[in-house]
Amino acid sequence: MTSILIPVAIFIGLGILTGALLAAASRVFAVEKNETAERVLECLPGANCGGCGYSGCSALAEAVAKGEAKVNACPVGGAEVAGKVAAVMGVEAAPTVRMRAQVMCSGTKEYARKKYVYEGVSDCIAASRIGGGDKLCKNGCIGLGTCVASCPFEAISVSEGVAAVDYSKCRGCGVCVSACPKGIIRLIPFDAKHWVGCMSVDDGRNTRKVCDVGCISCKLCQKNCPSGAITVDSFVAHIDYAKCTGCNICVDKCPRHIIWSGETQGQYGLVIRRENADKTKKS
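The C-terminal residue of the sequence shown carries number 283 in the working numbering, and the numbering is unbroken.
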């Protein structure tokens with residue numbers, strides 16, 4: 001009997017000792033909780049998308065609590081979340097503008113010419129390492145869906161060789177902007193009336209050779225914009241959304257029909273791309 005009780009007693013003693021050591025270690029190595037950070041975290045959406053520049057919502061909450069990040073640093077939460085975080089921090093939230101991602105390319109498979117047939121890994125970064133991708137346009141969408149894979153909200157899809165954003169799902173986190181190796185995805189105001197569907201860095205002559213719907217930097221949009229909202233710099237047209245009034249003149253004047261207007265963009269804009277390309281060919 002003794003031969004059984006002694007080992008049992010030893011195991012019980014070891015269990016008690018181990019428990020005591022773990023309890024002591026938990027107190028010694030305990031991480032103090034920042035109550036303010038906890039309250040801020042409760043206000044955040046929990047997307048952990050990294051759009052704020054931090055690794056996740058917990059990291060952002062810590063930064064806000066320490067005063068290292070602004071109360072409106074979460075792009076996904078928008079004004080509502082910014083207001084809640086500001087209330088926790090006892091400050092006023094600066095005005096926020098809801099943003100959306102926009103793929104600045106209209107060169108679908110039908111209209112953008114290629115220099116070779118790519119049969120490698122289905123990844124834009126990998127493809128871009130082979131001569132900058134298969135399209136002749138230096139800034140053409142590669143269309144292999146690296147942005148699709150990176151989007152935490154499933155707001156992007158690829159059709160006809162070009163990525164496009166579903167505005168109803170986009171939260172403006174900007175993750176796709178960082179993921180695109182061509183740098184042709186931009187964040188623009190969610191309510192923006194217009195955008196230029198091309199970021200070609202070639203002059204008009206060369207752009208015509210590689211794409212039927214590429215911007216030829218003719219500057220007609222710039223010359224005719226009454227509010228001075230469009231400028232053409234380095235062969236690329238840009239819209240200053242702080243100045244744009246949505247008058248639609250640039251849409252009518254563009255000979256390549258790649259300045260897109262409001263509802264005509266549709267969810268993915270593919271039908272409009274075809275229509276615009278057809279207009280361009282006829283003109």
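Everything labelled a hint here was simulated from the structure, so no lab data went into it. Here the structure is a predicted model, which means the values were calculated and not measured. Each residue gets a CB set at the ideal place from its N, CA and C atoms; glycine is no exception. Watch out, some of these pointers could steer you wrong.
What the hints assert, rightly or not - Result set (DSSO-like, lysine-lysine): computed pairs, CA atoms no more than 27 Å apart in a straight line:
no.	residue 1	residue 2
1	Lys223	Lys209
2	Lys253	Lys219
3	Lys70	Lys109
4	Lys84	Lys70
5	Lys243	Lys209
6	Lys219	Lys243
7	Lys84	Lys114
8	Lys70	Lys138
9	Lys84	Lys115
Said to hold, decoys possible - What follows is a set of in silico ranges between Cβ atoms, one per label pair, in the way DEER data are often shown:
no.	residue 1	residue 2	range
10	Leu21	Gly46	30 to 40 Å
11	Asn224	Ala87	27 to 37 Å
12	Leu21	Pro189	25 to 35 Å
13	Arg205	Lys243	42 to 52 Å
How the hints compare with the structure:
Between Lys223 and Lys209, the direct Cα distance comes to roughly 25 Å. Compliance with the 27 Å bound is thereby established for this hinted pair. Of the supplied pair hints, the one linking Lys253 and Lys219 holds, its CA atoms being roughly 10 Å apart against a limit of 27 Å. Between Lys70 and Lys109 the CA atoms are separated by roughly 43 Å; this puts the pair beyond 27 Å, and the hint is violated. A hinted pair counts as satisfied when its Cα atoms are at most 27 Å apart, and Lys84 with Lys70 qualifies at roughly 13 Å.
Pair hint Lys243 plus Lys209 does not hold up; C-alpha atoms about 33 Å apart against a cutoff of 27 Å. About 17 Å separates the Cα atoms of Lys219 and Lys243, which keeps this hinted pair within 27 Å; it holds. Using a Cα cut-off of 27 Å, the hinted pair Lys84 and Lys114 is violated, with the two alpha carbons roughly 50 Å apart. A C-alpha spacing of about 37 Å is found between Lys70 and Lys138, which places the hinted pair above 27 Å, so the restraint is violated.
Restraint check: the Cα-Cα separation between Lys84 and Lys115 comes to about 52 Å, which exceeds 27 Å; the hinted pair is violated. The hinted window of 30 to 40 Å between Leu21 and Gly46 holds, with their beta carbons roughly 36 Å apart. Take Asn224 and Ala87: their Cβ atoms lie about 46 Å apart, and the range 27 to 37 Å is violated. Between Leu21 and Pro189 the beta carbons are some 58 Å apart, a value that contradicts the proposed interval 25 to 35 Å.
In this structure the hint that Arg205 and Lys243 lie 42 to 52 Å apart at CB is violated, the actual value being about 30 Å.
Hint compliance for this structure: hints 3, 5, 7, 8, 9, 11, 12, 13 are broken, all remaining hints hold.
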